[in-house]
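Asker: Start from the sequences, fold in the hints, and give me the full structure.
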Amino acid sequence: MKQKLVVIGAGMASGRVLEHLTETAPDAFDITLFNAEPRGNYNRIMLSPVLSGEKTYEDIVTHDGGWYAQRGIACRFGEHVVKIDREMKVVEGENGHVPYDKLLIATGSAPFIIPVPGKDLPGVITYRDLDDTNAMIDAAAKGGNAVVIGGGLLGLEAAAGLAERGMTVTVVHLMGHLMERQLDEAAGYLLRKDLELRGITVRTQASTKAILGEGRAEAVLLESGETLPADLVVMAVGIRPETRLATDAGLDVARGIEVNAQMQSSDPDVLAVGECVEFDGHLFGLVAPLYDQAKVAANTLLGQPDAFVVKELATKLKVTGCDLFSAGDFAEGEGREDIVFRDPARGVYKRLVIEDDRLIGAVMYGDTADGSWFFGLIKDGTDIDEMRDTLIFGPAYQGGDTADPLSAVAALPPEAEICGCNGVCKGTIVEAIAAGATDLAAVRASTKASASCGTCTGLVEQVLQVTLGDEFQMPAAQPICGCTDLTHEDVRRLIKAQELKSQAAVWQELGWKTPNGCHVCRPAINYYLLADWPLEYQDDPQSRFVNERKHANIQKDGTFSVVPRMWGGITNPAELRAIADAAEKYDVPTVKVTGGQRIDLLGVKGEDLPAIWADLNRAGLVSGHAYSKGLRTVKTCVGTDHCRFGTQDSTGLGIKLEKILWGSWTPHKLKLAVSGCPRNCAEATCKDIGVVCVDSGYQIGIGGAAGMDVKETELLCQVPTEDEAIEVVMAVTQAYREGGKYLDRLYKWLAKVGMDWVRANVVDDLENRRALAERFELSQSIYRKDPWAEHVRDKAPSYAPIADFTLEAAE
Amino acid sequence: MSWIDIGHIDDVPLRGARLVKTRLGCIAIFRTAEAELFAASNACPHKGGPLSEGIVHGQSVTCPLHNWVFDLNTGEAQGADEGRITTYPVRLEDGRILLDARAITERSAA
Ligand code: SRM
Ligand SMILES: Cc1cc2nc3c(=O)[nH]c(=O)nc-3n(C[C@H](O)[C@H](O)[C@H](O)COP(=O)(O)OP(=O)(O)OC[C@H]3O[C@@H](n4cnc5c(N)ncnc54)[C@H](O)[C@@H]3O)c2cc1C
Ligand code: SF4
Ligand code: FES
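Top to bottom, those sequences are chains H and F. According to the numbering used here, the first sequence is numbered sequentially starting from 1. According to the numbering used here, the second sequence is numbered sequentially starting from 812.
Treat the hints as calculated values from the structure; they're not laboratory data. Here the structure is a predicted model, which is why all the values come from computation and not from measurement. Where a beta carbon is used, it is the ideal one built from N, C-alpha and C, also for glycine. Accuracy of the hints is not assured; some may be wrong.
[As the list claims (entries may be wrong)] Computed footprint of chain H on chain F; a stretch qualifies when at least three of its residues, placed anywhere within it, have a C-beta under 8 Å from a C-beta of chain H:
id, region
1, 821-834
2, 858-866
[Claimed, not checked] If the Cβ cut is set under 10 Å, some of the chain H residues that face chain F in the computed set are:
id, residue
3, Asp557
4, Ala796
5, Ser798
Answerer: As structure tokens, this is what we get:
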């Protein structure tokens with residue numbers, strides 16, 4: 001007698017089961033197929049091409065009415081199953097009961113909906129089935145703004161499809177980079193870049209607070225307080241196995257319906273396949289393993305021995321032009337080794353992860369041709385020791401590395417400008433070389449190229465090398481560190497020229513050899529990015545030396561020093577009392593007056609930092625940045641307020657300057673002083689920037705120091721008014737910020753660019769002076785604030801240990 | 812081996828570290844990638860620098876006091892410097908950080 005088989009869900013997994021069953025044993029079962037969707041099985045993964053318009057629904061149907069009819073399958077489409085009665089062996093549909101001998105649950109999964117206000121508004125949709133897809137197509141026909149919440153596989157396919165249909169699309173993603181489960185940062189960066197080229201805006205580290213709208217979705221409110229206009233909101237933040245029926249029927253359910261290797265649930269007559277199951281702790285979200293499950297389930301139903309095993313998976317994204325591939329385990333595990341290949345010119349990134357001479361993971365972007373070959377190596381556990389050196393080049397390795405900086409210079413046209421300061425183009429330099437200038441000094445002398453700020457020195461040398469070939473002995477330029485062959489100057493130039501606005505962009509476009517830099521380059525790149533793109537780039541604390549990350553100076557025993565700001569060296573009894581109270585309360589072992597006219601609390605425990613800062617903040621004291629490559633102090637003398645020789649209000653100007661400059665980051669530390677007369681009690685002539693007041697105005701000197709080198713300032717200019725003095729100081733600070741090499745004090749930068757250049761740009765060219773000051777002010781609109789207060793507010797818990805076992809009773 | 816749940820992965824900043832205090836000294840939990848963790852003794856063998864305060868890069872950390880670099884897989888100092896930090900098994904499960912209990916109870920005082 002024929003057995004009765006009932007199948008719940010006509011999706012991709014059960015579709016395969018039915019194919020196997022009806023092929024091998026067409027007469028074994030009377031089959032009834034329920035599906036909540038009013039249609040049979042279609043290729044769900046091709047919904048994205050339907051959304052983007054590359055395909056139609058008809059193209060992706062796998063089983064049409066005829067297919068089911070030929071096999072005698074009773075179809076109950078558009079009918080939900082509401083209950084399974086295992087005792088009676090009956091399935092209850094909305095329109096009536098069906099008894100079963102064997103039951104197959106294949107209910108797939110349901111999109112996860114983040115529980116924010118407004119989630120139920122019309123205009124908010126998920127991305128799971130044809131109806132969702134059609135809803136998106138309809139919405140897109142009206143144009144307007146779409147916000148896609150979730151930067152994973154589904155979200156990005158939705159975003160690309162909607163953009164293709166003419167909507168203005170923003171992707172809001174919680175994590176630091178897109179598809180963080182499948183991609184590492186570098187690949188995530190390239191993906192983002194490709195999506196942005198299509199006009200899609202990507203917001204990472206953005207958390208949705210609410211969906212706003214009257215009667216329908218109108219905007220998405222982010223935790224940051226920002227609102228994004230949205231005529232359509234697509235929620236694609238993840239999926240949850242659809243297990244409600246199984247749970248109600250008393251089957252074992254963990255995250256998914258628990259099955260054994262034969263795809264049987266805790267009731268042997270009830271099988272389950274697809275995204276609704278959990279096997280050995282695994283959940284499934286891609287079709288490849290579901291097809292394996294389907295074969296096993298069919299065999300189990302037919303009484304054939306078979307067992308499901310979990311295999312490695314590979315991911316691709318179905319967005320035309322975004323070529324990515326990821327497989328295996330590239331994010332977890334110890335004892336692994338990375339091989340990284342980057343070809344910035346082609347936007348290619350490849351990373352292989354090796355453990356015990358086996359390839360265990362691969363991430364690729366831009367060129368994924370070798371993906372399946374690598375995937376094979378991963379699945380087979382092939383020993384790769386022999387081919388380790390050439391592995392990254394794939395099976396068709398032909399040798400050679402295509403990323404050659406010289407060829408880029410060779411390709412420049414003659415009219416390409418090499419030296420921006422002096423407006424010298426490549427052709428001019430090549431002519432000078434032909435006329436006998438065969439080294440840098442000679443080119444400089446005859447063309448002035450690289451004779452000013454010097455940042456193009458490397459380029460001029462490369463032109464020499466390209467033109468002269470072997471005759472030119474390239475001086476060994478000092479690369480930043482082992483992660484790159486580029487110099488600081490090269491990197492600064494390229495960050496601006498190529499508009500690189502994230503560290504991942506720098507690593508990728510400039511061909512970094514390590515996955516994410518090292519302690520030498522990371523702080524430098526972080527500085528360059530925040531100095532050049534103050535609004536776009538977000539400062540990365542993890543790329544900062546501990547002092548700047550924790551806003552306190554680390555001591556030899558791991559404690560910290562705390563130095564509150566005393567504007568211009570002026571204090572009052574209330575501040576002194578607050579400092580004294582804090583010193584007492586936190587058992588500060590040493591209280592010292594510094595050489596910078598303020599008070600240092602030395603030996604504070606790391607865990608106490610937020611608390612001591614909060615106390616100091618309460619008295620109006622803010623961080624003195626005594627740890628930063630940034631503005632330190634502005635020393636002053638008593639000036640006209642008290643001194644019989646004072647010519648101008650040096651104390652007042654010092655305080656004004658400190659209030660304007662504080663919080664700013666500079667290539668190295670920046671110290672200022674203002675003296676009230678040439679007797680110079682504030683030692684202004686040995687500061688990075690020093691102002692000496694005279695009867696007729698303000699003398700501004702720059703390039704002083706009194707550390708490892710003792711330098712006297714050189715006079716930059718004298719200006720008649722305080723306002724002008726302030727503008728010049730801001731402008732020269734900004735010029736140093738924009739041009740200086742990381743960890744060069746101002747005097748070293750000055751030696752490279754020359755006083756003439758600074759005077760021309762900062763003093764004489766009034767328009768440029770103002771522009772520099774304005775750029776400084778723009779950056780300060782972000783950075784002029786007390787980091788202590790911010791850490792007390794947002795980061796205090798991170799100063800405590802994550803776990804403390806010292807307090808537990810000893811066993 | 813038994814595992815102790817010490818917190819959520821998101822409590823450790825990416826390319827950063829957090830401390831676990833034990834009676835035998837501090838253990839640093841390093842997060843080198845979105846879902847990659849290492850655990851090691853916090854004290855630098857050079858002059859005791861707190862490694863959890865160092866810059867984390869690749870699968871290494873640089874000591875904040877004098878820039879010794881340690882490979883977190885092996886604990887070995889890199890380059891010309893010689894020394895080793897003890898490393899401990901750590902696991903990530905459903906976003907939770909699990910540390911080998913022996914790291915807390917039985918490790919040799921180092
Ligand atoms: C606290 C203080 C000494 C004091 O007790 O007076 C001090 C302490 C340190 N100085 Fe200084 N310097 C201090 C005034 C100076 C001065 C005098 C001044 O500013 O008027 C100088 C010479 C002037 C100059 O900078 O040109 C000075 C030249 C240096 C140098 C050499 C810089 C150079 O370019 O050659 C370093 C090393 C460095 O920065 O790389 C340094 C580095 C340091 C560090 C940050 C070393 C470190 O990395 O840990 C010391 C931190 C101690 C701590 O744990 O807090 N300190 N240091 C002074 C803090 C001033 C303030 O209120 O912010
Ligand atoms: C847009 C999109 C793109 C994708 N792209 C890819 C890709 O590129 N590669 C890849 O490998 N995977 C991709 N996937 C995932 C893949 O589609 C799924 O893994 C696969 O469809 C799951 O198959 P399933 O049979 O478990 O569930 P489904 O295919 O979802 O089928 C489950 C069916 O059960 C029905 N159902 C649920 N509850 C009941 C009930 N109570 N009564 C009756 N019927 C019910 C549902 O209506 C549904 O039709 C994509 C998914 C989507 C949505
Ligand atoms: S001179 Fe400055 S850096 Fe040197 S020991 Fe004294 S405080 Fe430290
Ligand atoms: S204490 Fe770590 S390098 Fe010196």
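Asker: Next, verify each hint and record whether it holds.
Answerer: Against the structure, the hints:
1. 821-834: holds (count 12)
2. 858-866: It holds, with 7 qualifying residues against the three required.
3. Asp557: OK, holds: Asp557 of chain H within 10 Å of chain F, min 8 Å.
4. Ala796: It is violated, given that the least Cβ distance between Ala796 of chain H and chain F is near 13 Å, above 10 Å.
5. Ser798: At about 7 Å, which falls below the 10 Å cut-off, the nearest Cβ of chain F leaves the hint on Ser798 of chain H intact, so it holds.
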